[in-house]
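**Q** If you're matching positions, the sequence shown starts at 153 in this note's numbering and goes up one per residue.
What the hints contain is simulated information worked out from the structure, not anything from laboratory work.
Keep in mind that this is a model prediction, so the values were computed, not measured.
Don't take each hint at face value.
Subject to a maximum C-alpha distance of 20 Å in a straight line, what follows is the list of computed EDC-like cross-link-like pairs (lysine to aspartate or glutamate) [said to hold, decoys possible]:
no., residue 1, residue 2
1, Lys156, Asp176
2, Lys155, Asp222
3, Lys202, Asp165
4, Lys156, Asp222
5, Lys202, Glu247
6, Lys155, Glu221
7, Lys155, Asp185
8, Lys156, Asp261
9, Lys155, Glu247
10, Lys156, Asp185
11, Lys156, Glu186
12, Lys155, Glu186
13, Lys156, Asp231
14, Lys156, Glu247
15, Lys155, Asp252
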Amino acid sequence: MRKKIAFYGGSFDPVHRGHLAIGDALLSQFGLDEFVFIPAFHAPHKRRTKPTSAYDRYAMLCLATQGREDISVSRMEFDMPERPFSIETLGRLNEIYPNDQIFFVMGADSWMDIRTWREWEKSSP
């Protein structure tokens, strides 16, 4: 059976209730089977003087989603040989889930800057 999975990419610095509410809303409104956070190892468009370490942000997301079977956190961007741009992460998701319907979710702040992303025009099906 083809699963519906949403992947939410972002820096999540810090993760907050709004991020979790997006997951809950999308799970119920779109009948998703899974909702997966993908914390960026490095967010090149975020201009913070001292960002929280990627590993700490990952740990915070794991704590925030603890006990949830329908929401999880991926280490995908941590485990890739080179730090990927979003287009590479999307390509990897398509390789891993070829038979599933996948959705990529992003915050409004990212959407406003999408035209500055590497190969942004290739990111839609």
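**Q** What hint numbers does the structure not satisfy?
**A** 5, 8, 13
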